[in-house]
Amino acid sequence: MHPIRKQRLQIVVLIVIASSLATALIVYMLGQNANYFFTPAQVLQGEAPKNVTIRAGGMVVEGSIERSSDSLDVSFLVTDGLADLTINYSGILPDLFAEGEAAIATGKLDGDKVLQASQVLAKHDENYTPPEVADAMKQAYELKQQEQYQSQEAKK
Amino acid sequence: MIAELGHFALIIALAMALLLSLVPMVGSFKGYSSWMRLANSLSLGQLLFVAISFVCLAIAFLMDDFSLKYVSQNSNTALPDHYKISAVWAAHEGSLLLWALILAGWTAAVALFSRSLPLVLSARILSILGAISVGFALFLILTSNPFERLLPMVPIEGADLNPLLQDIGLIIHPPMLYMGYVGFAVPFAFAIAALIGGQFDSAWARWSGPWINLAWVFLTIGITLGSWWAYYELGWGGWWFWDPVENASLMPWLVGTALMHSVSATEKRGVFRSWTLLLAIFAFSLSLLGTFLVRSGILTSVHAFASDPERGVFMLMFLAIVTGGSLIIFALRGPAMQKVSAYSGWSREVMLLINNLILVSAMTMILIGTLYPLVADVLDLGKISVGPPYFNFFFVPLTVGLVIAMGIAVFTRWKSTEVNLILGKIPVPFLVAIISAGILPFYLSVDYSYSITGGLTIFMSVWLVATIAKDLIEKLGINLKRIAKLSHSYLGMQLAHTGLAICILGVGLSSTYDQTRELRMAPGDKALIAGYEFTFSGVNPIAGPNFSAFQAQIKVTKNNQLVANLFPEKRHYNAGGQVMTEADIDPSITRDIYVSLGEPLADGAWALSLQVKPFVRCIWLGALMVGIGGLLAATDRRYRRRRQSASNNEVAL
Chain A
1 MHPIRKQRLQ IVVLIVIASS LATALIVYML GQNANYFFTP AQVLQGEAPK
51 NVTIRAGGMV VEGSIERSSD SLDVSFLVTD GLADLTINYS GILPDLFAEG
101 EAAIATGKLD GDKVLQASQV LAKHDENYTP PEVADAMKQA YELKQQEQYQ
151 SQEAKK
Chain B
1 MIAELGHFAL IIALAMALLL SLVPMVGSFK GYSSWMRLAN SLSLGQLLFV
51 AISFVCLAIA FLMDDFSLKY VSQNSNTALP DHYKISAVWA AHEGSLLLWA
101 LILAGWTAAV ALFSRSLPLV LSARILSILG AISVGFALFL ILTSNPFERL
151 LPMVPIEGAD LNPLLQDIGL IIHPPMLYMG YVGFAVPFAF AIAALIGGQF
201 DSAWARWSGP WINLAWVFLT IGITLGSWWA YYELGWGGWW FWDPVENASL
251 MPWLVGTALM HSVSATEKRG VFRSWTLLLA IFAFSLSLLG TFLVRSGILT
301 SVHAFASDPE RGVFMLMFLA IVTGGSLIIF ALRGPAMQKV SAYSGWSREV
351 MLLINNLILV SAMTMILIGT LYPLVADVLD LGKISVGPPY FNFFFVPLTV
401 GLVIAMGIAV FTRWKSTEVN LILGKIPVPF LVAIISAGIL PFYLSVDYSY
451 SITGGLTIFM SVWLVATIAK DLIEKLGINL KRIAKLSHSY LGMQLAHTGL
501 AICILGVGLS STYDQTRELR MAPGDKALIA GYEFTFSGVN PIAGPNFSAF
551 QAQIKVTKNN QLVANLFPEK RHYNAGGQVM TEADIDPSIT RDIYVSLGEP
601 LADGAWALSL QVKPFVRCIW LGALMVGIGG LLAATDRRYR RRRQSASNNE
651 VAL
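Chains A and B are the protein sequences, given in the same order. Using the working numbering, the first residue of the first sequence is number 1, and each one after it goes up by one. Using the working numbering, the first residue of the second sequence is number 1, and each one after it goes up by one.
Source of the hints: derived by calculation from the structure; they are not laboratory data. We put the CB at the ideal spot given by N, CA and C, even for glycine. No false leads were mixed into what you were given.
Chain A stretches covered by chain B per the calculated footprint, using a threshold of three residues with CB under 8 Å from any CB of chain B: (1) 28 to 34; (2) 69 to 77; (3) 81 to 94.
Every beta carbon over 10 Å from chain B, so not counted as near; a handful from chain A, in silico: (4) GLN10; (5) ALA41; (6) ASN51.
The shape of chain A in the complex, shown without the other chains (with noise of 0.2 Å):
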């Protein structure tokens, strides 16, 4: 071969080689790092993976949020209408947390379906309710419906 096409080839092929390479470790630390959302109902029927940092969120329910009297320690539930996920978290809960308001956490669950939370997200301003949360709890919502409509139906 021609010595400058057997250097052009070289070239190709060491770009080739690299790009695969990259795209090979951003795709894999994109599955390490991608944290999913789940909703408490998903979460209580056991769909979501323990031990693996995920995220869940709902509507604080209002009088759950349990503070320990001699640390950070505190705990409270969330929902989505169909079901209450617990969350543990030790720490400052962000200005914007409070009962009946929207919050997201980040965290592992442990056996009992409790999250173990690292972070605790509100809310950022007064309009504002997270997606996540908006549309698990207009899907819970459309459900009660349907079965509302259904009992009825039945008792017809």
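Fit chain B to the given chain A structure using the hints.
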């Protein structure tokens, strides 16, 4: 009345932009010099009318004209005047108006400072900038009119500016950032004009050099201010979150940095021509992508995008036209631009190529990590967020590679360098860096233990500074007065690279040696963190102009010597009822003491966050030096000389 005037001025500006995008461009093909000459006055006229529109909106804010929807949503009678003005760009509509104003400003600047260019070229550049203005003005008027009225139900009081935005950092951060984003429109327009004309040489590169530098400086300062604002205003001491909005600003910065370096190779040696043009296209396209990501609502959710598609779709179309159109022109004309030139393995060209490769790789991985959740959501693969480990995994090794290459690059020359010459210069800086990295981490940790990330950080910073110092010493000898003889672009480069070293030092050391405790504290409680003793003496209610707050008092001592009294606050804003954490910081170069107040607990106790952050200030100090370095390089004599000689030529003709 003021609002209608502003709206009307905006429409006139649109008309002028439309003329600007058509008349000089057509004139340049037909050879009508009078048509081409119109570009200058149209550019200035456009600036005048966008400015009138902007001032009208500002006046509406100052007069508390809550009949304007935008004003009523983002202001309040109790808001201090300077925040009323900054509220103009606090939300979507006003931000876009600021975008349009800055674009008109850059366009007018090009019109004023491009007199030395051939008329055909300057007319086309201004026409392309005009076409971009048309896109933004249409977007404003059709989908995001800031002058929309709320009639007849005029609110008595406004909803108030988001308290997070009531801050000096947020007054200057967006204009700086936009100056950078929009500034890349100038090299973009120049690249397209060059592609249309089929001519691109060293003069092109020399002309666009200072514009690229200036836009890049603004973007650097803008990102730095944003990070600094997040640090002190969000109340928990973080300064970079790999958040999509931040990524949106980092991507054009990385490509802009690559562009700045490759254009210097194009100017000096005529190499990388089509690559430089491609980078110019991408730098601006990524700026537009950033605007699209932030402004379309797609980041909060692809569903938010679908439910209010007007803005998002317009923006996406605009992005597709600009990027797609310019890439088609590039595909047609780009290859013809390339010139074969010789350079060997150890030349500055190759080092700049490595620089470009690393920067573009970093941008690509950020782009993938940022867009992947959006794509996954559209394809129904689940709701995903990509965590910081992904970004750090790629960004840290790329930065290490970049820094090593930067150290070698200062010793290389254009075309080719003797390998032995480079190998002879490297050992001393390398040894200094290795020894510092081996020893210093022991002194930085509280318990004299060694940390690998600490060592790596110190290696990178010392290596960079040592290579720069060695090069300076060789150039200057012992005669410091010779520094005046060095070119501004050389000094700017060394200053910017030193700034990067300091920034890396801040990033690495503050991440490695950060000490953060979140504690429950009752009045009188003490806590010991990194040798500092924090004493919490309780909380008092105080009142601000538009908020009331709880203010804590925390005494910080070291070895029984008073270091600082800190007063973090928990604010309740009256208008919106929003709660906000206002941290208090005792700053110094070697460490920040950062205290913020959490929530009240039982028995008068409070949740407190106490942090000691070593060298965190170096992040912004270094980044600021990077920006000043870029500014210095933009004032290089060769840019000015070129202009003078060109205008002399014109006179001679």
